[in-house]
Amino acid sequence: MLQTENLTLTYKDGDSIVTAVNNISITIQDHQFIGILGPSGSGKSSLLYLMSGLRQPTGGEIFLDDRAYSKMSEKDRNGLRRTEYGFVFQHHFLINYMTALENVMVSPIAPSKAYMVQAKAFLADLGLGDKLHRFPYELSGGERQRVAVARAMIHRPRIIFADEPTGLLDRTTGLQVMALLRSFCKQGSLVAVTHNPEILAEADQVITIRDGRVSDIDYRLMHDLKEMIS
Amino acid sequence: MNPLSIWIYYVRNKQHAAILLATGIMVTLGIYSLVALVWGVFVEPARQAIHAYSETSLVTPKTTNNGFDPSILLKLQVNTDIENVIPSTYIRIELPGMIPGQGFPFELLGLYEGDIAYFLERYSATIKTGRLPQSGAAELVLSEDTANILNVDVGDEYIVTSSEFYKGMEAPPAPTTFIVSGILDSNTELGIVSLEFLNHHEEYRQLADRFLVFAKEGKEVAVDEFLRSEIRNLETDVRTYQMLSERVINEAIPGLALLLPVVLLVAFAFSLVIATINKMANVQRLPEFGILHATGYSKRWLVHRLTMETTILTMAGWAVGIVLAGGVLQLVKTSLFAARGFVFNYVSWLPFTFSIPIILIIAGLTYWTTSKTFTRIDPVAIVEQRSMSQETDQKHSRDSIESQLKPLNPSIFYLRHPRRTLLLISTTGIMIMAIVLFVFSLSIGSDAKELFLDYLSHVSIVRSQGMANSLDSSVLALVKDHPTVERVIPYAPRYNILNVYIPPFASANGSPFGVYHDDLIYLVELYGLELKEGQLPHPGTNDMVISESLARNRDLKIGDVVGDPEQPAYPGAPSLDQEFVISGIFSQPVEPETGNGWGFISLEFLENQSAFNVPDIPPIFIVPKEGQKENLDNWLENELAQQNVSVVTYRKEIAQNKNTARQGMFSIALLEIGLAVVAAFGLTILNYVFTSERQMEFGVLYALGFGRHQILRRLLGETTYIIGIAWGINVLLFLAAIVGLLFGIFKPMGLTFSIFKFTPWLYTLPIPIAVLASSALTTLRMFSKLDAISIVDRRL
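Chains L and B, in that order, give the protein sequences. Residue numbers for the first sequence, in the numbering used here: 1 to 230. Residue numbers for the second sequence, in the numbering used here: 1001 to 1796.
Calculated directly from the structure, the hints in this document are not laboratory data. From a predicted model like this one, the values you see are computed outputs, not experimental measurements. Misleading hints may appear alongside valid ones.
Okay, derived cross-link-like pairs now, DMTMM-like style, lysine to aspartate or glutamate, Cα gap no bigger than 25 Å in a straight line [said to hold, decoys possible]: (1) B/LYS1406 to L/ASP76; (2) L/LYS113 to B/GLU1653; (3) B/LYS1406 to L/ASP125; (4) B/LYS1747 to B/GLU1530; (5) B/LYS1480 to B/GLU1653; (6) L/LYS120 to B/GLU1402.
Kindly generate the complete structure, drawing on both the sequences and the hints.
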């Protein structure tokens, strides 16, 4: 379980102080799909970076189970991201001189042949079995994002943080990628940030953020979306 | 500002401009300073040392025994272009150089008391402190700079012939103590002693008499021409200041010639760095090129514009580099050169000329690489895909790559970027090669010289200190009676008859020894020498037997005549009063190689020739009893050397040879420090640019949980890997080149050297180490500023 308590992030922008995240307290239960919805600049990505330990809050606290981030060293927080979390970004951020398989193999702490076999099988399941040794520039946008999803899932993390994971994909491919991510919830939690409500149709909970604050947890939207899609 | 001006890009892209400008500055600063220092340390002191002849010309009989033809003096005196002719002689001393152990020959002029005032007037020199030397007194005056270099003042003693310069001579003049009577205020390095004093000392009387010829004002060229055409003949030598200067420059040319490839290599390496930086910047400018090309600007126009942009910035860097070099060298001049009395003209044509190729090479390579890139330019692909052409991204063959188990291994990045790998390896290699060329030429020369000292392996030498002086009979008796001595063999002082050429610029004495026939037979047996062809010299004849090494080195054969000025036995062979004929050639000695330096002529013959002043008791070879060589050498060096005799032993000669090479290498080490800084700068910039390009990769790895230290360690591992590979490849290439040199050039010339000497190889290390250290520092700095969030937060 990941929990935030009065989470706050402020920073200076010239002479003024900007509050990107303002006193947010949320809980992410295991095997949940949490959507964070909001317009551009609302602070949803900042919240994701705080929850994943990429950025340090200026106020409040984050707990993974009963472990407080503030009590952890940078090394420990790096370790969390390495073992407990996975990431999918709007851009695939695949390393361009590594093959699809190698990009997936970047994640494990101790790469082994067994891991490689597993990675190959996983990519094959994602429909990339014949493109294991292709470089990112030899793949389509959807294929690249699927490799990025495989990279986030291969080490069986507890939570995947996805920041606009379908932002650069066409609608059909975007929904395919979201279906992949959704399938992850059998083994862990998914936190997806987006300004596109459509991809949150399967979400267990949608948190709407405006000006750095939680404005609503909108179950009606979920219901309407589910109906619309069905 | 004109939007298509060649300035606008750099005005708006200051970081790129700063990198290129700094690269141009550093390479110019490095090369200008390197060349200026080499000139200032190795050549300028030799030029200054001959400035004493800048107002005069020398007319000298070629040998001491021919005397001087009075008609020559008459011709000189009646020439109306000549203002004055004054008799003179000289004592050669050594002026120490800037580097420990370095020295330059300098001539103290012997002048009659009545001529000194005229001489000083011609050089606008005046007495600053003290007085001129008294007639017949052991006194000398020195110009201020010369006194500073020798570290003497008025009233100090100076022993003029005990210097290092005479160590290499077979029979140097005995040391004489002079008192410094005065210091001259003069722009020219001068030293004057009393000719009356020299004429009253037997050993100095053997020095060459000569005349200093002073031309009237404006008639210098006419007098030089007159001396060259009318006075110079077989018996009379003429040396004008121009000829002396040419000789100094000619002697310096081999060293400078070695410097030129260094400069070209460094300039080329830096131009590769600049070409790479430009290429990366050009990728960012693809839309600009695409739009310009689409709107009608030709590829040629684009190439021209890009080349001009880089060239102008390089020229600006070059100009700033020259100015900065001036500042640095002025500091060096004030703190190092001037403080010790050395003249250092860093504003000289040579470093200036040597720095010109920087601009030419960089401009040339930029033009070439840009032209090559722009042949593929496709405006549609640029506008649509931001790539140069439709083919750009298909650079990897799909079947050629197999995924690796550990994709973060240091080797992966460079294996997947062969061009960068090649660039880093070649630039590192070029920098290393630039300096190691120097070191190996010295080391090889030193090794090859040792081959010709082998003759001392079974004998040692004792000789008098004075030129052609007889050995003291008591010393001879002491030696003969010593319990370690098996046999004493008299020999004639070693005249300069033959020398060995050691590529590229060194030489060793290969002259034969004059020994009696019985002793010759004994030495041949002692060293196990065998005649390959011909015969040993007959007693009383001008026959000569030489080693096979020397015969191969100078391509000498049985019957060849050595000493004939009309038909020299080999290029540069000396002309002698008495010719010698090669009668025999020894076989190359088998293990152990001990006889390479031996060559013999008949001492009976030399004793009958007035041209060769064989002393009453000549120098001696001392053959030790079996197993007593070390004891004998200990006794000779520690006890007999106290008796005012020169002792030459194998170990002493080898040690001196090694020491000379070490001193040379020390000088090179100083140069290498400068070059390593420049190389490290260039390669670090390259590495920095490559690394900066990978910010996205580092940001993602950080987001995925890799700590800064892990990423940094990986990056340093990659740099170490590639620099290590570069070092290894270059060492192997060098090894191959050296083996080729040994078996392709040295062995056929009868020479050899050791491939596996440790020291020269050590010199390959500073540049890679400097590159690694500076890369580590810049990478560390870059990582301290790494902001992973800003990278992964990109919205495309």
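* Asked: Regarding the pair B/LYS1480 and B/GLU1653, is the alpha-carbon distance no greater than 25 Å?
  -> It holds: about 23 Å lies between the C-alpha atoms, which stays within 25 Å.
* **Pairwise hint evaluation, L/ASP125 against B/LYS1406, where the allowed Cα distance is 25 Å at most** => holds (22 Å)
* Are the Cα positions of L/LYS120 and B/GLU1402 separated by 25 Å at most? -> holds (13 Å)
* If you draw a straight line from the CA of B/LYS1747 to the CA of B/GLU1530, is it 25 Å or shorter? -> Holds. B/LYS1747 to B/GLU1530 sits at ~20 Å (cutoff 25 Å).
* Can the restraint linking B/LYS1406 and L/ASP76 be considered satisfied, given a maximum Cα separation of 25 Å? -> This hinted pair holds, its Cα atoms lying about 23 Å apart.
* **L/LYS113 paired with B/GLU1653 [C-alpha distance capped at 25 Å]** => violated (64 Å)
Checked against the numbered hints above, the structure violates only hint 2.
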